[in-house]
Amino acid sequence: MDILPQLILNSVIAGAIYAMVALGFNLIYGATKFFNLTHGVIAVIGAYAFLFFGKTLGLNLFLSVFIGIVMAAIVGYGLDKLIYLPLRKRKASNMALLIASLGAFTALQAIIAILFTSQFQTFWRNYSTQKIYEIYGGVITQTQLIILISGILITAALVLSLKYILFGKMTRAVSDDEEAAKIIGINTDKIISRVFIIGSAIAGLAGILIGFDTGIEPTMGMSLLLKGVIVSVIGGVGNIYGGFLGAFLLGFAENFGIWKISGEWKDAIAFGLLIIFLLFRPQGIMRK
Amino acid sequence: MQYLIHLAILFAIYGILGLSLNLVVGYTGLLSVTHAAFYGIGAYATAILLTSFGVNFFISVIAAVIISAVIALLIGLILSKFDDDYYALASFGFNIIIFSVFLNWQELTRGPLGIPGISKPNLFGLDFSSNLSFLGLSLAFLGLIYFISRFIVNSSFGRILKAIREDEKAIQIFGYNTLYYKLAIFVISAAMASVAGSLFASYITFIDPSSFWLMESIFILAIVILGGLSNLKGSLLGALFLILLPEALRFVGMPNDIAAQMRQVIYGVILILLMLYRPQGLAGEYKL
Chain A
0 MDILPQLILN SVIAGAIYAM VALGFNLIYG ATKFFNLTHG VIAVIGAYAF LFFGKTLGLN
60 LFLSVFIGIV MAAIVGYGLD KLIYLPLRKR KASNMALLIA SLGAFTALQA IIAILFTSQF
120 QTFWRNYSTQ KIYEIYGGVI TQTQLIILIS GILITAALVL SLKYILFGKM TRAVSDDEEA
180 AKIIGINTDK IISRVFIIGS AIAGLAGILI GFDTGIEPTM GMSLLLKGVI VSVIGGVGNI
240 YGGFLGAFLL GFAENFGIWK ISGEWKDAIA FGLLIIFLLF RPQGIMRK
Chain B
0 MQYLIHLAIL FAIYGILGLS LNLVVGYTGL LSVTHAAFYG IGAYATAILL TSFGVNFFIS
60 VIAAVIISAV IALLIGLILS KFDDDYYALA SFGFNIIIFS VFLNWQELTR GPLGIPGISK
120 PNLFGLDFSS NLSFLGLSLA FLGLIYFISR FIVNSSFGRI LKAIREDEKA IQIFGYNTLY
180 YKLAIFVISA AMASVAGSLF ASYITFIDPS SFWLMESIFI LAIVILGGLS NLKGSLLGAL
240 FLILLPEALR FVGMPNDIAA QMRQVIYGVI LILLMLYRPQ GLAGEYKL
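From first to last, the protein sequence lines stand for chains A and B.
The first sequence begins at 0 in numbering that gives the first Met the number 0 and counts up by one.
The second sequence begins at 0 in numbering that gives the first Met the number 0 and counts up by one.
There could be a bad hint or two in this list.
[Claimed, not checked] In silico lysine to any residue, SDA-like type, Cα no more than 25 Å apart, as pairs:
1) A:LYS265 to B:TYR85
2) A:LYS88 to B:GLU284
3) B:LYS168 to A:LEU3
4) A:LYS80 to B:LYS286
5) B:LYS168 to A:ALA95
6) B:LYS286 to A:LYS265
7) A:LYS80 to B:GLN171
8) A:LYS32 to B:ASP83
9) B:LYS161 to A:GLY256
10) A:LYS90 to B:VAL268
11) A:LYS189 to B:LYS161
12) A:LYS265 to B:LEU213
13) A:LYS265 to B:LYS161
14) A:LYS88 to B:LEU272
15) B:LYS286 to A:GLU177
16) A:LYS90 to B:ARG277
17) A:LYS265 to B:ARG109
18) A:LYS90 to B:ASP84
19) A:LYS90 to B:PHE81
20) A:LYS90 to B:GLY110
21) B:LYS286 to B:GLN171
22) B:LYS168 to A:PRO281
23) B:LYS286 to A:ARG89
24) A:LYS88 to B:LEU281
25) B:LYS168 to A:ASN93
26) A:LYS259 to B:GLY110
27) A:LYS80 to B:TYR276
If you are wondering where the hints come from, they were derived from the structure by calculation, not from laboratory data.
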């Protein structure tokens with residue numbers, strides 16, 4: 000097994016996961032202009048809902064995945080209705096929204112830990128049954144292949160619907176200028192609440208896929224969220240295409256970084272990249 | 000009685016942290032989520048100096064203050080490029096980078112093993128090894144920090160900080176170089192946090208990186224916001240409240256691991272409710 004093809008594969012897979020997390024984050028940022036820190040924990044909710052329905056109750060695989068995604072979407076919708084919408088109505092500053100989402104994040108993560116313990120858990124009973132494919136000497140599991148394909152498909156679907164569907168156009172209008180969108184008769188609150196549903200659903204799916212790949216624990220939401228944030232900043236916050244590119248850039252930077260340095264510094268590398276981008280290219284790789 | 004003394008010492012430590020963070024968040028309006036990093040730098044500096052070099056506690060406090068002031072100067076220089084939510088985001092990043100250093104620079108910090116056997120302070124034969132005398136020392140430090148903070152906020156320097164918070168552009172037009180002021184208060188605040196860290200290390204006699212994780216920064220932020228932004232007595236009130244609140248859970252008879260998670264839930268919910276209904280905190284003068 001060569002190291003280089005494997006590193007490239009790992010980077011691409013990590014990139015696909017980050018892309019999915021960042022996609023929803025960017026979508027929500029675009030519409031609301033605040034950093035929604037609960038996004039990471041929503042992915043975790045999707046994963047734990049799947050764990051409960053799929054593994055504990057033993058429901059059908061696809062049904063459980065569906066329930067997991069729906070649960071994530073419901074929580075995202077609920078957070079918007081109960082917390083963010085009232086705050087926006089009150090013209091609260093972005094910092095107030097940020098802190099409220101930080102509070103929601105802390106509370107939800109702890110609730111998950113109470114319900115499901117803070118232990119690390121896996122979806123599979125036996126990992127060796129997974130199919131493995133070899134590409135140029137690198138190894139990729141079936142789950143990772145699914146992650147890669149879903150990442151690309153979802154991004155493509157989202158980009159196309161933003162461009163061609165009426166809802167997508169309305170979302171872009173809200174992202175561009177919420178006041179103006181309101182004036183021409185778009186129900187911006189409704190659009191934003193749908194954006195929360197879609198973004199959270201994608202995050203939920205990402206959480207479930209990560210669970211299949213490695214396993215889940217309640218605290219993984221924080222690192223997922225931070226990766227999503229970093230990727231968004233690298234790509235230019237609110238920019239869907241940029242986020243996609245940024246995700247793969249971060250995937251490569253991390254995996255090649257730990258090859259040269261050491262695995263424990265992964266988070267520090269990611270944040271170093273964030274701060275470099277914030278300093279020298281705050282608008283991201285792609286200018287809007 | 001020992002239990003009450005223990006709580007009082009914790010109150011003094013978190014009181015210092017709350018006061019110092021309030022100078023940055025409340026008075027200057029910079030949403031810093033990196034306070035636990037300086038708290039940790041203080042704790043590690045004292046722990047290492049005491050265990051490996053046998054330095055006197057009070058000298059280690061001075062050394063810790065200098066070390067964290069220098070690091071704060073570097074971080075503050077980078078942070079000064081950002082404002083509002085980007086400032087919060089970048090400060091997040093620094094907390095994680097410094098946490099990674101605590102965790103991974105094993106030659107210095109012993110990584111996740113932590114540093115045990117940190118001795119109690121001793122000054123000219125005056126011994127602070129009993130909890131009661133340690134409480135006296137902690138309260139003395141708290142009082143000192145309180146008076147320094149009060150002096151700062153009532154001075155002309157403090158008035159300029161408030162002016163920066165209200166309208167940075169306007170105060171720049173009057174010819175003030177706001178960068179120096181923001182840097183100065185950030186460094187002062189970090190130096191104060193490191194004193195709290197020194198006390199913590201010496202009191203608990205054991206430290207490991209987990210005490211200085213991002214959640215700790217969020218907890219300190221919760222103290223400041225709950226007590227009231229831009230109100231020093233408010234920070235003390237916030238610290239008292241958030242230290243005593245989880246103890247109430249203990250009396251309800253909750254198992255320890257669930258109580259720990261319940262605390263997180265409560266902090267989270269408090270932050271959300273404050274943002275929704277009282278964004279300036281209980282006794283605050285400034286809304287985020």
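Comparing the hints with the structure gives:
no.: 1; hint: A:LYS265 to B:TYR85; result: holds, 22 Å
no.: 2; hint: A:LYS88 to B:GLU284; result: holds, 22 Å
no.: 3; hint: B:LYS168 to A:LEU3; result: violated, 51 Å
no.: 4; hint: A:LYS80 to B:LYS286; result: holds, 22 Å
no.: 5; hint: B:LYS168 to A:ALA95; result: holds, 22 Å
no.: 6; hint: B:LYS286 to A:LYS265; result: violated, 36 Å
no.: 7; hint: A:LYS80 to B:GLN171; result: violated, 40 Å
no.: 8; hint: A:LYS32 to B:ASP83; result: holds, 12 Å
no.: 9; hint: B:LYS161 to A:GLY256; result: violated, 42 Å
no.: 10; hint: A:LYS90 to B:VAL268; result: holds, 20 Å
no.: 11; hint: A:LYS189 to B:LYS161; result: violated, 38 Å
no.: 12; hint: A:LYS265 to B:LEU213; result: holds, 16 Å
no.: 13; hint: A:LYS265 to B:LYS161; result: violated, 38 Å
no.: 14; hint: A:LYS88 to B:LEU272; result: holds, 15 Å
no.: 15; hint: B:LYS286 to A:GLU177; result: holds, 24 Å
no.: 16; hint: A:LYS90 to B:ARG277; result: holds, 13 Å
no.: 17; hint: A:LYS265 to B:ARG109; result: holds, 19 Å
no.: 18; hint: A:LYS90 to B:ASP84; result: holds, 16 Å
no.: 19; hint: A:LYS90 to B:PHE81; result: holds, 22 Å
no.: 20; hint: A:LYS90 to B:GLY110; result: violated, 45 Å
no.: 21; hint: B:LYS286 to B:GLN171; result: holds, 22 Å
no.: 22; hint: B:LYS168 to A:PRO281; result: holds, 21 Å
no.: 23; hint: B:LYS286 to A:ARG89; result: holds, 13 Å
no.: 24; hint: A:LYS88 to B:LEU281; result: holds, 22 Å
no.: 25; hint: B:LYS168 to A:ASN93; result: holds, 19 Å
no.: 26; hint: A:LYS259 to B:GLY110; result: holds, 20 Å
no.: 27; hint: A:LYS80 to B:TYR276; result: holds, 16 Å
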